Structures are given as C-alpha cells and as structure tokens.
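Be aware that the sequence shown starts at 1, since it is given in my numbering, and climbs by one per residue.
Since the hints were made in silico from the structure, they are not lab data.
Just so you know, these numbers come straight off a predicted model, no measurement behind them.
For each residue, glycine too, the CB sits at the ideal point set by N, CA and C.
Each hint should be verified, as a subset may be incorrect.
Claimed, not checked - Computed list of lysine-lysine pairs in DSS-like fashion (alpha-carbon distance at most 25 Å, straight line):
1) Lys63 / Lys28
2) Lys65 / Lys28
3) Lys28 / Lys54
4) Lys65 / Lys54
To be verified - Listed next, with one range per pair, are the computed distances between beta-carbon atoms:
5) Asn61 / Glu81: 30 to 40 Å
6) Ser30 / Phe101: 18 to 28 Å
7) Ala72 / Met1: 42 to 52 Å
8) Ala49 / Gly8: 20 to 30 Å
9) Tyr102 / Ala49: 14 to 24 Å
10) Trp4 / Thr76: 34 to 44 Å
11) Leu89 / His19: 14 to 24 Å
12) Glu52 / Asn80: 38 to 48 Å
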Amino acid sequence: MYMWVAPGRDELNLQFLSHTALDIIQEKVSPANRAPTDSRELYLGLLYASEEYKIFGYMTNTKIKLVIITDASNTTLRDNEIRMMFRRLHNAYTSAVCNPFYSPGDPLISK
1 MYMWVAPGRD ELNLQFLSHT ALDIIQEKVS PANRAPTDSR ELYLGLLYAS
51 EEYKIFGYMT NTKIKLVIIT DASNTTLRDN EIRMMFRRLH NAYTSAVCNP
101 FYSPGDPLIS K
C-alpha cells in the first residue's frame with residue numbers, strides 16, 4: 001500500500017481513514033451486494049464523508065484499489081474532477097506497470 005500525506009497532516013488518522021475506505025470498497029463490490037444487472041463502474045464515488053475529510057474510491061478491472069482523501073472544506077472539487085484524477089492515476093499506474101524497465105518499488109522518474 002502506497003500512501004502520500006501532505007506535510008502537517010495527521011498521518012495515523014489518514015491511515016485509519018484509508019483502511020476504512022478499503023473496507024467500504026470491498027462491501028460495494030462484493031457479489032452479495034450487487035444486482036445481476038449492475039454494470040461494473042470503475043469510479044465508486046464518495047465512499048465516506050466526515051467533518052474533516054471526503055473519501056473517494058476507484059477500483060480497476062484487475063482489482064487495484066485507489067483512494068483519494070480531500071479536505072471536506074474544499075468545495076471547489078467536483079465529482080467529474082475527482083473522476084478525472086482517478087483516470088489519470090490509473091493511466092500512470094498502468095504505464096509504470098507495463099514498462100519493462102521498471103522494477104516495483106523503484107521511484108518513478110520522468111524526463
């Protein structure tokens with residue numbers, strides 16, 4: 001699990017929230033909670049909102065889970081902007097994994 005926390009933030013609390021988000025994602029995508037006619041949408045939307053944070057989720061077809069946690073006070077972010085962030089993260093992840101010269105764990109350096 002990779003996690004980046006902005007300086008000055010409570011990392012332990014954000015780790016707790018990210019693990020909570022992973023549990024919510026698991027509940028949303030489990031076969032018991034889905035109707036047979038449900039289409040598989042990669043973007044899972046707002047998973048959890050608290051007084052301080054909003055947590056959004058995304059799961060790829062290969063079951064890679066991405067979580068974005070934002071300040072609840074940030075009202076300028078729209079749902080389609082969060083969706084676009086997830087698409088960009090997914091594309092960057094796919095490019096890194098498909099690169100034959102990349103070794104997992106190495107830093108990604110772009111020129």
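Against the structure, the hints come out as follows:
no. : hint                       : in the structure
1   : Lys63 / Lys28              : 13 Å, holds
2   : Lys65 / Lys28              : 12 Å, holds
3   : Lys28 / Lys54              : 17 Å, holds
4   : Lys65 / Lys54              : 16 Å, holds
5   : Asn61 / Glu81: 30 to 40 Å  : 23 Å, violated
6   : Ser30 / Phe101: 18 to 28 Å : 37 Å, violated
7   : Ala72 / Met1: 42 to 52 Å   : 23 Å, violated
8   : Ala49 / Gly8: 20 to 30 Å   : 22 Å, holds
9   : Tyr102 / Ala49: 14 to 24 Å : 35 Å, violated
10  : Trp4 / Thr76: 34 to 44 Å   : 21 Å, violated
11  : Leu89 / His19: 14 to 24 Å  : 19 Å, holds
12  : Glu52 / Asn80: 38 to 48 Å  : 23 Å, violated
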